[in-house]
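Trainee: Spelled out, the chains give:
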Amino acid sequence: MKRLHRRTVLRGAGGVALALPFLDAMRPNKALAQNAPPRRVMFVFKANGNEHATRFKTAGVTDYELGEFLEPLEPYRKEMLLLNGIDKFHGKVPGLERADAHQQGGAGLAPWKSGSGSFPIGGVDRTIGYVEGPSADFVLGERVLAANPTVKHRHLVYRVGGFGNNIWNVHSHGGPVGKQNPITPEVDPFKAYARIFSFKPLDPAAELALRRQFEKRKSGIDLVRDDGKSLKARLGSADQRKLEQHLQSIADIERSLQQPGAGAVGAGCKPVTQGATFDAVNDKNHAMAGALFFKLSAMAFACDLTRVVNFAWGGNTNGRVYDNLGIAEGHHDISHNSDAAAFAKIRTINRYLWTQSIKLHEELKAIPEGDGTVWDNTLVVHWNELGQGDKHSTDNDLVILTGGAQKHFQMGRLLEIAKKSSFSDMLVSVFHYMGFTDLTTFGDPRMGTNKPVPGLTA
Amino acid sequence: MQFTHSRLRGFGASALFLISACSGVVGEGDGNGNSSGGGSNGGGSSGTGPIDGLADPDALLKSAQCKQPNPGAAPMRRLSNAEYGNVVGDLLKLPADASRIANAFLQETESLGFRNQAELLAVQSVVADQYMKAAEEMSAKVATNAAQLVNCAGLAASACGAKFIGDFGTRAFRRPLTTAEKTRYQASFDKAVASFDLSAGIEWTVNAMLQSPNFLYRPEFGDGKPSSYEMASRLSFLFWQSMPDEELFAAAAADKLQTPAQVRAQAERLLTDPRSDRSIEFYRQWLDTDKLPGLKRDAKVFPNLPSDMTTLFAKETDAFARDLVFGGEGTFEALMAAPYTYVNDALAKHYGIPGTFGPEFKRVPTDFSAGVLTQAGYLTVHDKPTRTSIVLRGVKLRTDVMCQLVPAPPNDVSLNLEALGGDLTQKERLALHRKDAACASCHELIDPLGLSFENFDAVGRVRANDEFGRPIDVSSEISLSTDVDGAVNGPRDIGTRFAKSDQIRDCYVTQNFRFFFGRDFNDDDNCSLARISKAFRDSGYNLKSMLLAMTEADTFLYHGLAQ
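First to last, the sequence lines map onto chains A and B.
Under the working numbering, the first residue of the first sequence is numbered 18, with each subsequent residue one higher.
Under the working numbering, the first residue of the second sequence is numbered 34, with each subsequent residue one higher.
Next comes chain B alone, as it looks inside the complex (with noise of 0.2 Å):
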């Protein structure tokens, strides 16, 4: 069935007719302007093509369509770098040594702003080495305190390396290990016993199965529904970034997490344990915070920031989510509008706000606050060395907060903006690039917003002037949307006016999709979208809810065909 009123739909034939104006293609583009993903590399485009999942929720669940479980792709994923150092540092016990480990790993490759995505996850040679390297010291350190892993009072060396290798190849492989498995490993046990000593039969095994590809990846085998092993790893990965504590495995074991209830159960317990903090990696890749590291301000026209500048706006955004999800109001509203942010006392002095934090981060109100589209981590991640960038984070706001697309400059377009005038403020430049008909089309749906956040400077503070000391005019209209057109003023108007949009709400439904699934949304998963979308929707915009209701989508539930 076709829902042709498709709110995201509406939007794909508008963007269409744009992209043709702007980049001077005659005729429509290829016309077929579909998501279907799926393509060779996590498919899909972002927001181009309709999402008939979240267009009515309600009449697609109810249609044939989604009688029968249409669980979409489920490409085998393999562990992110933040994921290998959880995984490592629960199996281990050894967290700090892990992260260390994963954090000196070359970073995945980028898909669609996320860094776990499963098609581009590859094991190439240099990564292969890495990860071998990492085997080798882990499994060195574990091995000088063996009896923390197994103990083997009274067995024989073959013994306890059998004992062994079954209880901790089923943790590190996250299901039990075939009989093949079994033996391998224990003949790779035996020898390093013979040849060294017991410490060598626990090394050698901890450093094979920490290569393995049944550790590195995350293999599924289920004939149209996860193994309950595999729906243990499910769970743990969606909700902790990491492997099954002990209780799921007891549920896998007992063949417990098949049925929607069973799952159920497992995800609200995940959700109130500490480590779904973890889980906020989203937000790091979604607002690019976690980009923070690389950026750098012109002294000369940003004297005296605090040497740490980065690490205060990373964790200035973390403590923001973490307690929005996990402790405060918990509401899309509250990630869109929120009049109040996180400050410790190095931050609470460079922004400005008065009073004694300590070096803790503490919610503090502000008069300028508008959840995270005004934190300085998000914004200034996408400025320039010496000022703000009204395109870049315009297009940072159009293309992964509102799901649209926005097409490349054409080629062979004078890209020229200091040539309109070089005593013009940016604003004014952008008002006069955009009279050029080859630019305006694509501009406008660019720089209306950035506009919007022209009081807040390069370096996260509040200004009343800009760059030229000129008094900074926020006042804009936002057009080529679905649902937040109109006239602004400021961050918190866009805040307000983006919390209530269905637009704004699906985008965030997708790009949560994209992250905690590993892959681009299709046309198969319009089902699985619809059941997010509506629990989130009956949940008042609930953020724990709506993660919740991930393990209640077709695509969560059931296995994919394997590709």
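One chain only, chain A, in its complex shape (with noise of 0.2 Å):
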């Protein structure tokens, strides 16, 4: 293998550099390496809430004991903060400026009001439409685009399931406040790699090949941007937004083409295995389309392609059935049953996706970084759109931080929140713990106390 060499680094038309695509740029560079491991974040969702009365067998902020369905959690005891009773205080906004307790618990990520047009079940008097603003993985990945010239992409957002985009399937939303601008996630993790990652080897004999492939894509982003522009200037306002849009996605793309300058990629960062192909989108598959996310993510994390991950086990409104777990009826239609037969199926489910949930933790901790792992350096942030599925309740949800996120977090605890602090001030605190701590709101003021959830950090 051989590094790329420098006369194969050509300048784009913005006087920025650019690397053939398809080689090892993302190679570590030892130099490099010696700079700290950055701080990232992960949001990892499940849907149809779970069940209050039985997260916790005894309460206690040291010594609580897990419920049923969290003990796949035990291991990481010491290195996870539970938050339970979070309100996401859409109590405190009126209803016609609301959608429905799903739609709207789950876009957490995104507290703020919703539109209308979008689906014709509405709250009062209108349809349900997207939420009007961003969501907090956009805006701390923009927070660390402008921050790190040298990180690729602003985030990953990743969905286990193909089952359209609707206002139930999508948890990320790229705003501006104002705006119903839903992100789609990416569903297939095969692609997902090969979007993002390019490792190969360099062979001499290809070069001629790739640099031809390399130029045909440059001269495509320029006319692209030119034709763009010249397109802008001549639409009126609410079209000039949406090639605004379309620009900056081309910039996106330029962006990740560059040359990796000094940035943070360590001795960890190294092909993914992906093992055999197999159809993500196909509902067999889930569990293993969820493990090849969690397995690209962490590695997007070492190779400092991203800091910002926002990963879901499905839409809310989930209605997967988990026939592996031999249940027959739909995880939706179970959960908004009260019986003491539902309420198991639903500790089951919950269980089963904690166990594969916690893949992720494990392959943090596998990749090599500084003194210790991507763990060390990582939050994971576990949430819901519901506390409790049968009363669509949103005011009662547990969420747990999980990882090391270099001591930002006092883990070890379990805090009983008892509705004081709401949905929108954890994000706050994720905003602090990732270095923005100007920030004392996120999303609709109404939704939250306007400061971090106290009392988390170390």
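Source of the hints: derived by calculation from the structure; they are not laboratory data.
Where a beta carbon is used, it is the ideal one built from N, C-alpha and C, also for glycine.
All the pointers check out, no bait thrown in.
Label pairs and their calculated CB-CB ranges:
#  : chain 1 : residue 1 : chain 2 : residue 2 : range
1  : B       : Lys382    : A       : Glu85     : 41 to 51 Å
2  : B       : Gly502    : A       : Asp296    : 29 to 39 Å
3  : A       : Pro92     : B       : Lys224    : 56 to 66 Å
4  : A       : Asp296    : B       : Arg503    : 34 to 44 Å
5  : B       : Asp469    : A       : Pro92     : 38 to 48 Å
6  : B       : Pro336    : A       : Asn299    : 20 to 30 Å
7  : A       : Lys246    : B       : Lys382    : 51 to 61 Å
8  : A       : Phe295    : B       : Thr292    : 50 to 60 Å
9  : A       : Asn341    : B       : Ser508    : 39 to 49 Å
10 : A       : Asn341    : B       : Gly360    : 39 to 49 Å
11 : A       : Lys208    : B       : Lys533    : 44 to 54 Å
12 : B       : Glu170    : A       : Lys246    : 24 to 34 Å
13 : A       : Arg94     : B       : Leu425    : 40 to 50 Å
14 : A       : Pro92     : B       : Leu425    : 34 to 44 Å
Starting from the two chains in their separate frames, assemble the complex, guided by the hints.
Mentor: In structure tokens, the structure reads:
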């Protein structure tokens, strides 16, 4: 294998150095790896709520006992912070400005009022729309990009399951405030990997072909940008916004093709072993798709391709049939029932999803970084659209923070939030962890107390 | 001029009352109850407000309001995935590759059941990336056989480029290129030839054009009226979901797509072309048969299903819609109540219909069909893995076929139906459930409709007994509509009544408006809706005539103000 030679670095129109694609440009640079590893955050979503009463067998800040469906988390007791009783504060927003609990709850990362016009089942005298503002993963990613020229991707948005992109199925939003602008998640981990990773040994014989392919790409990008700029000048303001977003996407692609600079690519940055391919949107491959998304998310952190990932085990009101657990009905249907048998199934499903979710922890711990692993420099925020499904509650959520998170949080505790802080307050805490301490509120101020959740940090 | 006796306005008022009752809100909501969409995202609410254009089309069209063209909004439309596949296939003459690529695209953002709504079809980073990869692949493929795209015999490379950029560019951007554009593309072409070879020039040009906003959107600059090139695209995209053909381009070049008669003549031609089949995408998205691939059924409850069941269901509705609109009766009545469906051998076996049909779908009379309302794909996509769903079938009918709003369940109300008695049937449980005042007002909108279709099981077969082995009683009573209220006895009874209902026909018109114009209607569209509605009525509710009439609407013939 051979390192990329200087002469293959070309100048983009904006004077930006572009690297030939498909080369091993992400190979760790020993000199650069001396930089302190950056902080990252990954959001992991589950649908349909759980069961308030059985989250914990016994309470207690440090001597709590995990309930049945949380038991898979026991090995991480010292590395997690459980926030019980987080309230999404939807009650503080008038009914006319929000959608139903599934939609509004599932838009927890984007705590804005909802628009209308997209779904003919609604609240009061209107259809439901998407939320009208950006999600935390998007805004965090924007800030990371602004502060770190070498990070290539704002955020990665992944969802297991390919069932359309409607108000229930998207968890990431691009804003700006006042605009419905849902971000389409990637649903195929193989394609997602191919999009952002470019490990390939440089075969000198293939260099001409690569160069040809690269110059074609670069010329295409330049023409598309110029076409976009001239078109934009001729459009009305609403269409101009659309073009503006398109041009930003072109800039995003250009950014991702840049030469690595003084980034934080550590020794752990290596190709991911993806294993045999499978149909990622086929429901029977649900767990494998999730596991592979975890693998590539962890590696995207290690290679400093991004510092923010928004991952979802399906959409809100997820109706997946967990027949692998011997359950014949859909998850969402079960979650609306209050009888003992239904809750037993909800616990079974939640426990199963926890056993799948902690695979992310293992992936993060498996990649060395600095004196430790990527896990030490990562925060994972496990969240849910609802507190409990049979009542559509969003005022008694369980949010679980895991990861080393550079010791920013005082882990190893169960905190009873008792509805005193909101989900968006928790997001403010995440912004602070990521270094953006200027921010005191995120989202509609009515949905928070407009300060971080007290008592979380070390 | 206001029409206070609007059919749907009357309904809107009652919906308002209901919503207040079932969400525990005292008062009348925000009280504005209008459908002035336009808002940030497709706006407009689904049938909750007045649709003046449908109330009394004759009177409205004669009124001052419709004396001047009122085109309404015209947000710039991005190609939907289906359109992308069609356009790239037609442009490069590589339909199989184009549709393979488009089918693998991430699904578009959905709004009001459709995946082609202008406000929500953005090009985000991941989408731009998929367009880039698609363009790179397709351009590499066509460059290997560039002679098929351009004849450069006797031309120097640069002149060949100029010719190709001019000809291919006009087809790709669906209008002639500006001088600045030609200069840009020529520079890229020349550079590719200088660095590599002639085929690289072709390849780079195709690659960039397929990613250009001029290709991926349908921008319009007409001042009050679409240019002839813009009209060519409006026509081809409406009927073919694709780019114009040579004849449309020729008409555009001669600027002969300006008068309503010129437009009408082309519209009629396009409708007789086999490509107009592509417009049945409307039925897939309206009836949700495009959502069938995710369908899952419990093998214990439904053993021995055909492995390709969902494909069979989708093809049944496709075949029905295609023949209905372009070959058969072509009436709204048949859409709602046709006593026949389409099967092949595999589907006939599943339904228990005797006879031999072969692998292709053929029309077969049945004693159970009521147009699309009883087709398996449409019904079962709203069912559950183990059973039918009276509620979801009812919601689908009330919202997307009747165009009424159904409120969401109120927060913090127990949703638990099972607690009402484990040994009760779904129908009995729902009946008890409606005794709860908090549930009743909304579920009156839903359950009686769903109950009428209980004689179809969750895999689309006729049945006499429900999941509990008890005889099914499909008798029901519809309420809270404008003109289909009253006792009904099963699907065909409902279909027959719907077929003659102004509310249901109006809803059909508005759903077509949304899909084909890529946006929700608002108050500015009253005259457009009136025009379509009147033509629909005057044709005896002929579906093809209604499609044609869409090209006579102000919003089609004229150009709205840029927003």
